[in-house]
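Visitor: Here are the chains, one letter per residue:
2 protein chains.
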Amino acid sequence: MNRFVVPADAKSWISVDPMSDFPIQNLPFGLAAPKGRNEAVVVAIGDQALDLQALQAAGLIDEEEYPILDSFIELTGERLSRLRQAVFDLLVDSNRALRDNKKARERAFIPLDKANLQVPIPPPAFVDFYSGIHHASNVGKMFRPDHPPLLPNYRWIPIGYNGRASSVYPSGEGVVRPKGQVKSAGDEPPTWGPTLEMDFELEMGFYVSHGQDPGKRITTTAAEDHMLGLVIVNDWSARDVQRWEYQPLGPFLAKSFGTTVSPWIVTLDALEPFRIKGMDQEPPPLPYLRNHGSPHFDIELEVWIQSVKMSKPQLLSRSNMKYLYWSLAQQLAHQTSNGTPVEFGDLYATGTISGPEEGTYGSMLELTWRGQQPITLDETGETRRFLEDGDMVTMKAYAQSDGFRIGFGACTGTVQPALT
Amino acid sequence: MNRFVVPADAKSWISVDPMSDFPIQNLPFGLAAPKGRNEAVVVAIGDQALDLQALQAAGLIDEEEYPILDSFIELTGERLSRLRQAVFDLLVDSNRALRDNKKARERAFIPLDKANLQVPIPPPAFVDFYSGIHHASNVGKMFRPDHPPLLPNYRWIPIGYNGRASSVYPSGEGVVRPKGQVKSAGDEPPTWGPTLEMDFELEMGFYVSHGQDPGKRITTTAAEDHMLGLVIVNDWSARDVQRWEYQPLGPFLAKSFGTTVSPWIVTLDALEPFRIKGMDQEPPPLPYLRNHGSPHFDIELEVWIQSVKMSKPQLLSRSNMKYLYWSLAQQLAHQTSNGTPVEFGDLYATGTISGPEEGTYGSMLELTWRGQQPITLDETGETRRFLEDGDMVTMKAYAQSDGFRIGFGACTGTVQPALT
Chain A
11 MNRFVVPADA KSWISVDPMS DFPIQNLPFG LAAPKGRNEA VVVAIGDQAL DLQALQAAGL
71 IDEEEYPILD SFIELTGERL SRLRQAVFDL LVDSNRALRD NKKARERAFI PLDKANLQVP
131 IPPPAFVDFY SGIHHASNVG KMFRPDHPPL LPNYRWIPIG YNGRASSVYP SGEGVVRPKG
191 QVKSAGDEPP TWGPTLEMDF ELEMGFYVSH GQDPGKRITT TAAEDHMLGL VIVNDWSARD
251 VQRWEYQPLG PFLAKSFGTT VSPWIVTLDA LEPFRIKGMD QEPPPLPYLR NHGSPHFDIE
311 LEVWIQSVKM SKPQLLSRSN MKYLYWSLAQ QLAHQTSNGT PVEFGDLYAT GTISGPEEGT
371 YGSMLELTWR GQQPITLDET GETRRFLEDG DMVTMKAYAQ SDGFRIGFGA CTGTVQPALT
Chain B
11 MNRFVVPADA KSWISVDPMS DFPIQNLPFG LAAPKGRNEA VVVAIGDQAL DLQALQAAGL
71 IDEEEYPILD SFIELTGERL SRLRQAVFDL LVDSNRALRD NKKARERAFI PLDKANLQVP
131 IPPPAFVDFY SGIHHASNVG KMFRPDHPPL LPNYRWIPIG YNGRASSVYP SGEGVVRPKG
191 QVKSAGDEPP TWGPTLEMDF ELEMGFYVSH GQDPGKRITT TAAEDHMLGL VIVNDWSARD
251 VQRWEYQPLG PFLAKSFGTT VSPWIVTLDA LEPFRIKGMD QEPPPLPYLR NHGSPHFDIE
311 LEVWIQSVKM SKPQLLSRSN MKYLYWSLAQ QLAHQTSNGT PVEFGDLYAT GTISGPEEGT
371 YGSMLELTWR GQQPITLDET GETRRFLEDG DMVTMKAYAQ SDGFRIGFGA CTGTVQPALT
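Sequence order for the protein chains is A and B.
Numbering-wise, my numbering puts 328 at position 318 of the first sequence, and it's gapless, one number per residue.
Numbering-wise, my numbering puts 326 at position 316 of the second sequence, and it's gapless, one number per residue.
Treat the hints with caution; some may be incorrect.
Claimed, not checked - Here chain A is said to cover these stretches of chain B; the calculated rule only asks that three of the stretch's residues, wherever they fall, bring their Cβ under 8 Å from a Cβ of chain A:
id, segment
1, 171 to 179
2, 249 to 257
3, 290 to 301
What the hints contain is simulated information worked out from the structure, not anything from laboratory work.
If you're wondering where the values come from, they're calculated on a predicted model, not measured in any experiment.
Beta carbons: idealized from backbone N, C-alpha and C, even for Gly.
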């Protein structure tokens, strides 16, 4: 597939702050539902969202070529790439078609803070992998201290499990502290109540564009052509519930209560300049999982926390997408290797992406090492083993180049008290 | 909720064989797609499917009261119950409205073998529980021989996991033998190819009618009012793939390639006379999981197998739904206990239902005890450790009363060779 990479020196006639997540090199897609208007696919540029339906109404984007842009339906990766190029053409500084059309401009631009961004695509299926090798090692060290940190299958299989698609929420929506069954050590019976170990998980995810039929597979070579782009994923977790329930069929209610995704689908086209080979895989994967080219991405990841008492967020962790052992292409190839049909809009998350050392971990579980090393919130002196009610967790992701940044915006959620 | 129980001595003006699954006491709902006609919700009676849209067109079922009956959408359990009563009124021997309307009758009745029955509702979510205690014990004995067969959480939590909704197939559709990664004992690296341990799982499942919002739960008392009814579920499995992949996040590709459901949603109204208290739960469940009344059902279950060489199927196993440790109401209450939203059409399966002794097990894994005790197919002398290509597996379920049987029809699937 031909990818459209915006030249590094391209400029828009829209003024964009050099630290903005959304320069003309990015042009990610989202779904806006601004007050008093219909839902529409939008593209971010600077601090504005550009309504593509309004551009169609003004005759600036072909209505024949693209479906009604009130959702992403029918947009394959290739069509999305061409659509992105059409938007680029309207925004680049040499083009006056939109710039000089005041009426169209007024209808098409929505300030980001008024866009009311939604989950870009409510996913029919949500799968969560476990491809962050440092995270898997840390969990192994904590829960199986007498064994090697990684299970024997880890370097052979992109381990994953089916998550819950009905509880994927947009950035900004509160997440209610779940109740669940927990068991303390000893002979006491388990109890049921609000989780005491509410956690986040720092992940990235990709949306599937066109799917695959039952019985057929998508190869690692073809996999990226089936992806619309990437989002940040926070897969909220209840660690005490997880410990008690997860044997033998895996995590269930400890994860199913909520997953927050960031609002912008950042295309692989925009991330093309940030490709890397990624970490070596040893032993080499079986042929059906073999990587090609540079299948990983150098994307900085950050987690911020702000308690109710704090006036501004504090940086909690800094990681990078390069710490994935299994590439996105390997994940999708594995998912379909048994003939499972995948569909437009399916969301596949990477699993928690932790870096190799303290301060780069992607969950409270690791950052506080099971709560044994509480974190201090500098501004207020509060401490945290896990998340408290009112804590706002914000994840950010960006690829930084000389002169511009390809950012994902924020993936934010605030812990709400358990319902009575 | 008021349930409509058809009197045991009620008769229809349609003649029904006493051994039929579909007497007037049953009246289950399905989705037909007969050649040259639109999809329509149908009700089974004897060897006929009754097209409810045709009845609406003839003015025999209220179009105001019920939505367009080309799918189950908007049918809560209560509305479905009233609709079933309306169909009963048209079929009972004393009523002549349909019986004497030749034109309506000709349009409304479809022979079952021409109905082309579909998955009744393509489920937005598919969850598989593990509530068959004899199955869980058998698996424990095989895979953890040095430990108690049941894990410590089994009698406290209705263990379950998220399955794959995109691969739920109708009865009669072939299931392609999946490829997957398997690992033999010893130091050899794993290999990737067609599973050598293709298996079925004998399960029942319930469809959700009206769902529940995020953050709220459905109590055990209310749970059955959220169910449309029951179906047979065959959750095909690849045991060699499962053994290698399932640690630590549970079964994934070993199960996601296919799940077959039977075509008829049998209502709880029809099953009312077959309620039982079920097995004792010790220790008593936590309050949020407490059962009420008689939450289990006495439903006979059968598995039949027919190889390519055989002229008729052979009975492989005979079990009963009473061998569930956790009731359906407990499953749904647990599912929503952490605030996970559930939706119309969600499918919740029970897990494999094995009886307590040999010959009553719900999977090849147990029937042949990991392949160590192959089964002989009497007609041809063939043996089976697991399923071979061309094997047709048929599951049946029925509740037997004096004079009538509430049956589910057949849940059938044939193993297709792996694709090259």
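Visitor: Given as covered by chain A, does the segment 249 to 257 of chain B meet the bar of three residues or more with CB within less than 8 Å?
Guide: holds (count 5)
Visitor: Count the residues of the segment 171 to 179 of chain B whose CB lies closer than 8 Å to any CB of chain A, then report whether that count reaches three.
Guide: Since three or more residues must qualify, the claim that chain A covers the segment 171 to 179 of chain B holds, with 8 doing so at under 8 Å.
Visitor: Using C-beta distances, would you say chain A covers the segment 290 to 301 of chain B, given that this needs three or more residues below 8 Å?
Guide: holds (count 4)
Checked against the numbered hints above, the structure violates none of them.
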